[in-house]
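Q: Protein chains in written order, with our numbering: chain V, 1 to 346; chain D, 1 to 432.
FYI, nobody ran anything at the bench for these hints, they're computed from the structure. Be a bit skeptical, because a hint or two may be false.
Calculated cross-link-like contacts (lysine-lysine; reagent style DSSO-like; alpha-carbon spacing at most 27 Å) [unchecked claim]:
1) V:Lys323 x D:Lys236
2) D:Lys323 x D:Lys340
3) D:Lys224 x V:Lys33
4) D:Lys92 x D:Lys127
5) D:Lys230 x V:Lys33
From a predicted model like this one, the values you see are computed outputs, not experimental measurements.
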Amino acid sequence: MTTAFLIATIIKVLVLFHMVPIMVSLLTLAERKVSAWIQFRYGPNRVGPWGLFQPIADGLKFFFKEELVPEGANPFLFRIAPALAAGPAMMTVAVIPFTFPILIDGQPFSMAIADINIGVLFFIAMSGLGVYGILLGGWGSNNKWSLLGGLRASAQMISYELSMMMSVITVVMLTGTMNLGEIFSFQGEHTWILFFFPVGTIAFVIFLIAAFAETNRLPFDLAECETELVGGFHTEYSSMKFALFFMGEYSAMFTMSCLLATFFLGGPTFFGLIESIDSLWLRALIGFLVFAAKVGLFLFFYIWVRWTLPRFRWDQLMHLGWKILLPISILNLMATGILIATGVLS
Amino acid sequence: MVTTKILEIDMGKEMGKQGVSPLHRLLELDPAERERLSQEFGQELHEDLMTVNMGPQHPSTHGVLRIVLTLDGELIVDAEPVIGYLHRGKEKMAETLRFFQYIPHTDRLDYLAPQINNVAFCQTVEKAAGLEVPPRAQAIRVILMELMRIMGHLIYVGTTPLDIGAASMFFFAFREREDLYDIVDSITGQRMNNSYIRIGGVGNEIPDATVKAITEFVDGFPAKVDNFEKLLTGNKIWWDRNRDIGVLTADEAIGLSLTGPILRGCGIEHDVRKLAPYSGYENYDFDIPVGEVGDCFDRYLVRMEELRQSARIISQAIRNLPKGDIYAEDRRFVLPPKEKVFSSMEELIYQFEVVANMKVPRGEVYSAVEATKGELGFYLVSDDGPRAHRLHVRSPSLLNIQALKTLARGRYISDLVAIIGSLDFVMGECDR
Numbered sequence: 001m002t003t004a005f006l007i008a009t010i011i012k013v014l015v016l017f018h019m020v021p022i023m024v025s026l027l028t029l030a031e032r033k034v035s036a037w038i039q040f041r042y043g044p045n046r047v048g049p050w051g052l053f054q055p056i057a058d059g060l061k062f063f064f065k066e067e068l069v070p071e072g073a074n075p076f077l078f079r080i081a082p083a084l085a086a087g088p089a090m091m092t093v094a095v096i097p098f099t100f101p102i103l104i105d106g107q108p109f110s111m112a113i114a115d116i117n118i119g120v121l122f123f124i125a126m127s128g129l130g131v132y133g134i135l136l137g138g139w140g141s142n143n144k145w146s147l148l149g150g151l152r153a154s155a156q157m158i159s160y161e162l163s164m165m166m167s168v169i170t171v172v173m174l175t176g177t178m179n180l181g182e183i184f185s186f187q188g189e190h191t192w193i194l195f196f197f198p199v200g201t202i203a204f205v206i207f208l209i210a211a212f213a214e215t216n217r218l219p220f221d222l223a224e225c226e227t228e229l230v231g232g233f234h235t236e237y238s239s240m241k242f243a244l245f246f247m248g249e250y251s252a253m254f255t256m257s258c259l260l261a262t263f264f265l266g267g268p269t270f271f272g273l274i275e276s277i278d279s280l281w282l283r284a285l286i287g288f289l290v291f292a293a294k295v296g297l298f299l300f301f302y303i304w305v306r307w308t309l310p311r312f313r314w315d316q317l318m319h320l321g322w323k324i325l326l327p328i329s330i331l332n333l334m335a336t337g338i339l340i341a342t343g344v345l346s
Numbered sequence: 001m002v003t004t005k006i007l008e009i010d011m012g013k014e015m016g017k018q019g020v021s022p023l024h025r026l027l028e029l030d031p032a033e034r035e036r037l038s039q040e041f042g043q044e045l046h047e048d049l050m051t052v053n054m055g056p057q058h059p060s061t062h063g064v065l066r067i068v069l070t071l072d073g074e075l076i077v078d079a080e081p082v083i084g085y086l087h088r089g090k091e092k093m094a095e096t097l098r099f100f101q102y103i104p105h106t107d108r109l110d111y112l113a114p115q116i117n118n119v120a121f122c123q124t125v126e127k128a129a130g131l132e133v134p135p136r137a138q139a140i141r142v143i144l145m146e147l148m149r150i151m152g153h154l155i156y157v158g159t160t161p162l163d164i165g166a167a168s169m170f171f172f173a174f175r176e177r178e179d180l181y182d183i184v185d186s187i188t189g190q191r192m193n194n195s196y197i198r199i200g201g202v203g204n205e206i207p208d209a210t211v212k213a214i215t216e217f218v219d220g221f222p223a224k225v226d227n228f229e230k231l232l233t234g235n236k237i238w239w240d241r242n243r244d245i246g247v248l249t250a251d252e253a254i255g256l257s258l259t260g261p262i263l264r265g266c267g268i269e270h271d272v273r274k275l276a277p278y279s280g281y282e283n284y285d286f287d288i289p290v291g292e293v294g295d296c297f298d299r300y301l302v303r304m305e306e307l308r309q310s311a312r313i314i315s316q317a318i319r320n321l322p323k324g325d326i327y328a329e330d331r332r333f334v335l336p337p338k339e340k341v342f343s344s345m346e347e348l349i350y351q352f353e354v355v356a357n358m359k360v361p362r363g364e365v366y367s368a369v370e371a372t373k374g375e376l377g378f379y380l381v382s383d384d385g386p387r388a389h390r391l392h393v394r395s396p397s398l399l400n401i402q403a404l405k406t407l408a409r410g411r412y413i414s415d416l417v418a419i420i421g422s423l424d425f426v427m428g429e430c431d432r
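Next up, chain D with everything else stripped away, as it sits in the complex (with noise of 0.2 Å):
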């Protein structure tokens, strides 16, 4: 934080009227602080600086993020960013909540790729009551992952452009969104926070006709990931905006725990699909884009790059659907098919053990997937009950956000808004 002093000047006094709010002041810097910053900077620092407020309303934030920002004119000398203001104790939730109804909670984390939360979630349990998954139910939530994340890059394709000013660039991205989520309101019966994944498996099996439609998709994706990039990779003023902005080496990355197209643009291939295989992705053909310099330009290619990985990804899956189960079969944690509760004694006694009395063992587990924002990690302490007995999400968005002011310092109004996209947070997994 740069130490400043408040002087007792207010635009609105200078301007003949009173009655300023205690928000417009200015700040004295003081000599030697000014002297060390403006080295820092390579720059003569002008003796009075100014506060500003960005967020938590403001167009470029992406949702309720505040940074309050000290400015040299339009230089920004700091940049705090102040988190919070979209909590609302999802973690403490989980111990009151049974597992199978935190499930939809997990939905309004990252709510741009809601179903790598619930298979994150779901696997943690998973994890701690030693259940296998069939391959089948494992081929759906891979399907299923990838689609999200394409849904959250497109986001990224669709709000960053609009930041930087490329309006139109938004309406493309959704209408391909558009298309994702008729294909998931076919299987999950939702449009948004589907809460499709289960414990043991996954809701209920893929309709043939929307097989079809993914297959046509994913086929048609590659070719309108072109077209987008037809009018960004090489557009010049986006070049301008996002090359050597927001500058990140390997090393830095590392330091502040950044995970996913961050650290894979810093020019490192970290990605937990590969280093540490869930779902069956060791099954899948993929590769893992990396760029060189590290700044938005390769953020911004990398996840370019992911949107047709992905694509890739879903049509071996969807080629290959192995036949079977979607559930696991093991009566302590999974409930028994509703036909057979309405038949049979002892499928009714499972199916309310399950919902009443669901003994997961003790034990501490973390289990962490590929999110599209970086290494989405549950850590759950469960206590051979029903509920967690503590559960904390290692969320990227968070650790995301603690680059902004490295990042920020020394750069620009403009930049900052570049960075922001490009770091590509989302203020619900963050806040929690």
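One chain only, chain V, in its complex shape (with noise of 0.2 Å):
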């Protein structure tokens, strides 16, 4: 490993590491900006040019804030939770490929910061842990409103990860690999997983359905709910503590539109024609570009729907991850199974 190989990987640490949390702020401002553009307001417009420096007043004013911990709360366990909810969902980022490798000394350059052959492993690992954050957060406030939320958190995330998850394998299986550099790049070669018609589509939609629920937003934001259960999971906090509870949630809409536009949009391809530009430096620029406006599109989906549907009731939300998404993502893992045996899909 050379000089110039060590500084470039520790650049693409810091760079790709801090844009998670630049991204969240970024998002908290979308996340204004077009639910006020969606309900005929003008959204935050008075800090900075349209309104652009609002996350960070957001972000100081949650430092300055009093930090309370409710009498006969869990110490401990009111104090982990947040991490718990913000760190694994933050990391997942470690194993997204944002763009096309490119030459550092002669070697192949991976654009994501953890370059391993088990990537969705890292990822379905991680998502695994997100929901103890709230579920311990829920427990640990000692308030009966925040118990119920992280009642339902739990049920909910671990009934959508399976699904979750099967529709994650119906991909590997398409693959053949479970790195996600490799992932796209397969994509890049063959075509986006979306249109491997008839299974690649069912599996989009079911990730897209449980990516929902994995993240908390509406409609299957049970967890939160606040005009059912006051605040939920996150009643009794307040300060930093409230604020990384919101940095896990948007991180992990960031981390779930990254994996959407890796899986099943082909990351940073575009039908071949960013393939084929012959500057490796370029390539990885445009590519970058493409990659985000696919993850752009996912976000503004996420958003909008936030503030369109309703929201479900718990046992409609099981019914759905049970006894709908969970038996229609294993069928289609077998006909994924059946075609790549018969040879229709290689």
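With the hints in hand, could you dock these two chains into one complex?
A: Following this line, the structure appears as structure tokens:
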């Protein structure tokens, strides 16, 4: 490993990791702007041009708020829960390749923080951890509404994780790899998983729906559910602890959008157009822009749905998860296997 | 009420910390009681239940209603509404205030549709005094009351979907409400709590520009209701959250003395505007929508249709607005015009007499109107004086809350939110 490679890696890690908090702050602004647009309002427009510095003002406000630990709360669980909510959601970003690899010192240099060959497993593990923050936060607050919110969250996330993983396995079977960089380069050579009709398309739809439940967004925001459970699991949280839950939710939204783009929409590829660019640096740059556009599409979809649909009841949500999505995803997985074994898809 | 025994278990101690508030306790069910309730709800209950205070500060209790919930997980074993957090003694105040002084206080009952309360009160006094209101004033009252009905129902259209999660509906409904505020402001001079109705008439003439604005509003309004329906009626989630939730049979509804959209949702064509027409409602052509099942969804549909029917009534009233006075010509109860007071001695005396010494004949009268929440009635005992001897308000909101316990038992917390929304009560009117 040469010095240039090492320096490049350090720069890459710093840039890519800091992209998550920046994206989170931009997302809070985008959420408020898009919701304002949907609801005939202006949204934040006082702090900076077009309200651009609003997230900074929000962040500062959170820092200066008083931190309260309610009487009777479990101090350890209460304090560790926000970190557990935000940490895993941010760590998933480590395996996402943001664009095509470039050459440093003659070696290929991947644009993911950790270019590991078990990327998919890493993502599954991390998204499985996400539930603990909410569950422990709800339990540790010594508040009945929080408890109900935490229990709802754990039930919901576990049931939707299954169908989500089934649809990811479909992708793994189709591409034959667990490395996210190879998954998108496979799609660049063939076509996007979304167009592997019908199995790829069904897997995409299931992943999309389950991603809503995984990130606790409406219509599946039963854990928070401010009109039923006051604030759900974060009723008792204030200051940066509260902000960390929010950062967790938004970074989960961001990483889920990145994964959707990588798994099903070919990541930075665009029908072989970008791979045909000779200069590696230019290819990486344009690939990044394409990837950003795809991610932005999903993020907008997330926000759009949140401000349009009503919310499910928890038993209806379980019904959808266990009785509809899970059987479909298992059947889809079997169909994929059969199609690959018979050579229809290869 | 479910009988329970308080256990000496607190969650805080279990988690290694002391000093837990007495609210955080678990309730142990009596085995026989548990057996009975398990049969009633068709599922095995756990041994420990949990009490939760829903309200008075809860986002979806629509004001300051408090509900003491006894929960088995998410299942509501018992729901006990606690009212009175907004009690201001409005009925008692009527005994010390002169009739015209009391009109602004009626605004504060159902503050979402204040003019209907004004009319209901003034109509009661007029009935006791034997006053005839001129046709033009009656028509203006009808226009205002129907505008208020639209305003009141728009609150339902905004807040109930908000409680169920469709936050944007709130803004769509309030956008229409803002237009109505402008119209009402231009007639009455106030956006809320307008106190525009007077005993024997209405406050002042409708400006010509407002007549045009109202016509434009009612012409465009049915299309906007269609838009609301596009977002909700065909929506599968909205359907699931409302269909077969909070089902009331017609007999139950009558037994709970429910009126208004809730009773109509149960399939009974009960509407004071048709049954005992007041203020010239017999001259207008409109339909009474009724539901079939009596669930939250039917109540929603009934209210949506009533929005359209109200627009229909307003457009008839505004097109055939009669000419003439807006005040009854009865100097015993109605103030003389201001310019005459300044120029004529007799009129000045009349002015003084009405303000200081109005004599509403001794007697007891009851008069009701169809308010947005149901039948709003005033029962007045007058004592040949300028004040009520006793005034009672039959407030539909109070009676609507009665249904809450029946509807909530055996359902989930999420359903309770939908049920509260569909009962559509205002705590200002309930607590008075």
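Q: Confirm or reject each hint.
A: Hints and how they fare:
For the given pair, V:Lys323 sits about 17 Å from D:Lys236 by alpha-carbon distance, which is consistent with the 27 Å threshold. Note on D:Lys323 and D:Lys340: the hinted pairing holds, with a Cα-Cα distance of about 21 Å set against a maximum of 27 Å. A hinted pair counts as satisfied when its Cα atoms are at most 27 Å apart, and D:Lys224 with V:Lys33 qualifies at roughly 24 Å. Among the hinted pairs, D:Lys92 with D:Lys127 is consistent with the structure: their alpha-carbon atoms are about 21 Å apart, no more than 27 Å.
This hinted pair checks out: D:Lys230 and V:Lys33 have alpha carbons roughly 24 Å apart, not beyond 27 Å.
In this structure, every one of the numbered hints holds.
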